[in-house]
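S.K.: This is what each chain is made of:
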Amino acid sequence: MELKKGFLILLAMVVLTGVVYPLVVTGVGQLFFNHQANGSLITGDGKIIGSELVAQKFEAPLYFVPRPSAIDYNAATSGGTNNGPTSEALKSEVRQNISMAKKLFGLKESDQVPADMVTSSGSGLDPEISFDSAVIQAKSVANARKIAETEIIKLVEEQTTKDLVSPRRVNVLLLNLELDRLFPKGTK
Amino acid sequence: MAKKSLFTGEIVKTAILGSFVRLNPASLWRNPVMLIVFVVSSIVTVQMFYLAVTGQSFGFELQISIWLWFTVLFANFAEALAEGRGNAQAQSLRTNRSNTIANKIEHDGSIKTVSATTLKKDDIVIVSEGEIIPSDGDIVHGVALIDESAITGESAPVVRESGGDRCGVTGGTRVLSGKLEIRITAGQGETFIDHMISMVEGAKRMKTPNEIALEILLIALTSVFLCVTVTLPVFSNFFGTQIPVVILASLLVCLMPTTIGGLLPAIGIAGMDRLLSRNVIALSGRAVEASGDVDVVLLDKTGTITLGNRQAVELIPVDGVDERHLFRCALLSSLADDTPEGRSILSLSKEKLGIKGRDIKAPELATFVPYTAENRMSGIDVEGRKIRKGAFDAIEQFVHSLGGSIPNKARIAVDSIAKNGGTPLVVSEGPDVIGVVNLKDILKENIGHRLSQLRKLGIVSVMITGDNPLTAAAIAAEAGIDDFIAQARPETKLASIKKYQEDGHLVAMIGDGTNDAPALAQADVGVAMNAGTQSAREAANMVDLDSNPSKLLDIVETGKQILITRGALTTFSIANDVAKYFAIIPAIFAATFPELGILNIMHLATPHSAILSSVIFNAIIIPTLIPLALKGISYKAMTAQKMLLVNIFVFGLGGLLLPFVSIKLIDMIVVALGLV
Amino acid sequence: MIAGELMVVALIIFATIACAYPFGIYMAKVFGGEKTFMSKVMRPVENFFYKFAGIKENDKQNWKQYLKSFVLFFGLGFVILFAILSVQKWLPMNPSGFGNIRWDTGLNIATSFCTNTNWQSVSFEASLTPFSQMIGIAVQNFVSAAAGLAVGVALVRGFARKNTDKIGNFWVDLTRGVLYVLVPISLVVAIFLVWQGVPQTLGNTIQATTIQGQSQTIITGPVASQVSIKMLGSNGGGYFNANGAHPFENPTPLSNAIQTMAILFIPMSLLFTFGKMIGDMKKAWSLFFVCIFLFVIGLSITMYAEMSPNPVLRNAGVASGLNMEGKEMRFGIPSSALWGQSTTVVSNGSVNGMHDSFMPLSGLVYIFNMITGEVIFGGVGVGLASLLLYSILAMFIAGLMIGKTPELLRKKLGVNEMVWACVGLLTPCIVVLILTAIGFVTPSALSSLSAKGSHGFSQLLYANTSMVGNNGSAFGGLAANTPFFNLTGSFAMLFGRFATVVSAIAVAGSLAKKNQSPANSTQIPMTSPAFVVMLLAVIIIVGALTFFPSLAIGPLLEHLKMAGM
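Protein sequence lines, in the order shown, are assigned to chains A, B and C.
The first sequence begins at 41 in our numbering and counts up by one.
The second sequence begins at 10 in our numbering and counts up by one.
The third sequence begins at 275 in our numbering and counts up by one.
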């Protein structure tokens, strides 16, 4: 008797919470927030070039590069390195990232690198970098695109978040899109 | 009983012996915490011998195992000491009885002399002047003056008589005058004293619900610590560190709540013992603890709040009647009146007339009219005069029948006496009402003070009386009673207890009469007066040997003390663990992880000295706290919150800090003595 | 910027409190069967549910019946979820063509979601079909939370009632929990999240070609609907492996703030539900104070730890030395620490950063939060239950110390309550220790650890506390999808869930039968500072005494070593 009650109530719950509820959210979402509900996709030339929320792989120096990814920006999965805070793995990862960054961005050996640029993000898909991280890339991007560094910095500043209650940061994909739009000659 | 010190050498000696006897696992079984310490000590000892035999150094193991054994022994000692003291109390009550000879009436009516210890329930014995009453019982015949000093320590003898509420006698008391036929109510091993002895004997003692609940907590904590200790070597093995058995054993014993675990039985036993030293025999430990929760106490007016009997305090003549004439008439009418009220009228009249007892004689040819339920008055017919005294309506009827009437002044006097809590008796001579006697309830000495102490403990006192509400209210106000139930019939007591209980109250009842028995049984705490009837004593769960109703205060206080002592020592015991962790954990890992040395905030000298000091502290804290466990933590009436804060401060914070200081000191001594 | 970010942290906490108070009162009305503003919409649905399942609304159950229904419902949910996972390959909505789930993994996932733990030993977006996620996982997110709610409510009834053996009807409580509490707020939060950028489709895999011409697979699905309930129902199991760190689950600082609030929202509200049900809000505030006190202390420690430079990074030449490893740029450090603290005090288990990469002291705080039985607000329903069990322990000792038979909320505490409080609070600690020890003697378990020394130790300890505590978060470096962890984990989660649930319902039954003591002044009221101190002390001491050695050689040692770098 109780078993039947349990089964039927579970069945009703499956219909309500497993079917009706997600369908309602989907309906409302698709109707009112279509862009977001479908993954905030960005199209160019009729093709999907990615999601503004998901990091994609960029190669320096023509483009700004996102934060290191433990999953190599493979959006079919997600995750971080899970390197412990005092682990050798973290130590070598960070050292490697620093020397890589210094090489790619043409930095001096004594230059300090912002933390986010040399540590892997939690999701491996972090679409944003800090303002400082964008700035240290500006020179190499400017050199590669053969424009003044100040132009690039200006663009970075435009693309940087303006609110005072969250970290100051830049969306790499949107920044690179702007970069291509404004200074297309850089594109190969 | 003489209040002699119970820390005599004899008791201590027995207790020391007892601590070793109790090492028997079968008896340790009752105390799981100590049983585990016992097992751990055995393991360490075996390991120590192994080291010794194989020629390895074993000095540290030896010292640890000695202190672990001491931990068990100290706990045993605490229990044995408490038990020894209780036993001494009880035995001194019992010695009187063991050699007593009883004159038993056989079925055929013959009298046979037997030993008191062979008496069974419902045997009838005869006790004559100068003899010792062989066992607890009810008087079936006779009146006697009894010396109860052997039990109560009161030197004034008391009267006990058959029938009524003063028929109970206790084994071991002595008949001073008179001869009694007594029906034995308790066979061998069932007397109150036997009960008392079993309450203070650890092995037979029933644990109370609170105690069981606490023990469950202690067992649960012990299991957790057992797991902590058992898993620790596995964890440390992951780091490549091995932890010797002796150190794990030390850690376990230090973490386990050995302080409270070791003292827990002693606390309960000592509580019973303290009650006994206040002349209260508790028949259940549960009731003693429940008494700490009591918030309503029902008190019989008569005998509890007031002296047993009303007394004449005033004789008011009506207009035109000579005072002395009224006194004389009142005196005459009471000459044959043996009731306490009658006697008090007699003595008041004598006092007023200025005559002494021996000068009074009943006039010749006088006829006494005794009090009956029908006429509800008593008096004397002398020289053609019909002198009567009685209740207002009875006398009114009587004088009417003789053609008289009640004068106005008498009415006024009667009303005002009733309003003030007295009982008016009207005195008449022939058809004329000549005066009114004011019979007044006399409050027991200090009753107001005691009731206010009860109130401070949060206990509401309720008086039960057969009086009318007006009188009851007046007495209640005078005594400072919080509430009263007037015009109560015997069954009212039971009903009102049930009602209070339904409202969630815990009710204590003090009573002595047979008709109190159901109420005593229903009450959460029923205290019977030792002088009361056997049925009352059987229904109750405590018997007050002094028959002093204000004893409830002592009982409540003892009940609370037992609980407070347990709670405080539990808090203390658990709080102690913090310091022990700070001593032992860095010691264990000192070699492997010098970083953890930061936890060694006491700066103990070496790992071994740290561990040894913790174990020593853990052991000696038990005997150090024995006096506290036996005396109980003093109870002062204050708000619950304040008391809790004080106890948290003393035993929680104190328990947190004391071991830091003590372990450091012991460590310094251990190092100075070169023990490690 | 950092000042602004700290302000946001404070704002999130205050906003949650402000919303929790009225909502708690609303829940009290819901579970009391009173009319609320939702009644117009939900009452017909509710009636339909009862009619459909043959439930009589006014049939009250005693504690054994209530527990029986709970267990039965759990069993049914478990069997069905396990079945779905085992055959998902052949079920509809399988665009990526995922295979069936291995039996031990399936067992673990089914246990995990039915016990409201949401421990995930595999990456869901890479192994579960949208059908499994919607019909299996999301449904359990609702009903396991509602079942937990029912347990908490039943325990409060035990205190509020007297002289009865009835503690309510499980089916009714379950239904009301879903209909009036979980579905409405989930709906609101889900739509909010879609607005913020959380996808909501019926399962599309999008192939994108990046600017530099590489192909990228982007996974969407019914994400928002699932994320909102997993935050609200203290479930925590994400649609994606990276959970709340994934930009699709948690795209903006605002979505992060809302989700952090969602973690704490119902557990915090339940304190006020408790107050309303026993008719004394002051007592609710007193429990609230205990919770927020412990919460803020833990938060301060983790915040301090995360905002301090990591010597490893500093020595390598990183500008600030701040530990951004495993954290997302858009949340920054304070909000990541706040989430970590929130998700471990409540048995939520979602993460917006990788706890494995957090600073050692954070790990210490998080493990401590979980081993205390998640009573700092705690899991939906069960957190309140555990907090009340702790109150029983605290009041027991406090009651003795004032010389009375201990009493909590005018109920005498006896042997029964003590037994179940110990079972509910202490046996889980024992299981954590034993399972962790078993792990360390099992070679296959050791090979799952990604780190050595203290951090490796913490990984295993964290895993077991998380599972026994029905939390579900993890030090992700642990490779948990092995038969060993799947099976011991299932046991751990079952034990943790039922230790709390059985104890809470048994205590509810025992308390309901008792009479209430008169409200007089000689007891310690729950509102007294003395009680608050006692409760705090008991919570801290139980946790600290049980795990002092483990925490010392785990996160603390790692911290000390780090400090020496």
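Be a bit skeptical, because a hint or two may be false.
Said to hold, decoys possible - For lysine-lysine, the following PhoX-like pairs were computed, each having C-alpha atoms within a straight-line distance of at most 25 Å:
1. B:Lys188 with B:Lys130
2. B:Lys651 with C:Lys726
3. C:Lys556 with A:Lys45
4. C:Lys338 with A:Lys45
5. B:Lys651 with C:Lys556
6. C:Lys440 with B:Lys507
7. A:Lys131 with C:Lys835
8. A:Lys131 with A:Lys44
9. A:Lys44 with C:Lys330
10. C:Lys436 with B:Lys508
11. C:Lys436 with B:Lys507
12. A:Lys131 with C:Lys726
13. A:Lys44 with C:Lys436
14. A:Lys45 with C:Lys330
15. C:Lys338 with C:Lys787
16. C:Lys557 with A:Lys45
17. C:Lys338 with C:Lys363
18. A:Lys45 with C:Lys334
19. B:Lys216 with C:Lys787
20. C:Lys342 with A:Lys44
21. A:Lys45 with C:Lys342
22. C:Lys334 with A:Lys44
23. C:Lys726 with B:Lys507
24. A:Lys97 with A:Lys87
25. C:Lys440 with B:Lys508
26. B:Lys508 with C:Lys557
27. B:Lys216 with B:Lys651
28. B:Lys428 with B:Lys418
29. C:Lys338 with C:Lys314
30. C:Lys338 with A:Lys44
31. C:Lys556 with A:Lys44
To be verified - Quick list of the computed label-pair ranges, beta carbon to beta carbon:
32. A:Leu43 with B:Arg464: 24 to 30 Å
33. C:Lys309 with A:Lys44: 55 to 61 Å
34. C:Asp439 with B:Arg385: 50 to 56 Å
35. C:Phe311 with A:Leu71: 22 to 28 Å
36. B:Thr601 with A:Leu214: 49 to 55 Å
37. B:Trp38 with C:Asp439: 32 to 38 Å
38. B:Pro253 with A:Lys148: 51 to 57 Å
39. B:Ile52 with C:Leu365: 55 to 61 Å
40. C:Phe563 with B:Phe658: 52 to 58 Å
Hints were generated in silico from the structure; no laboratory data involved.
Backbone N, C-alpha and C fix where the C-beta goes; we use that ideal spot for every residue, glycine too.
S.K.: Any hints this thing doesn't respect? Which numbers, in order?
M.R.: 2, 3, 8, 13, 16, 17, 23, 26, 27, 29, 31, 32, 33 and 40
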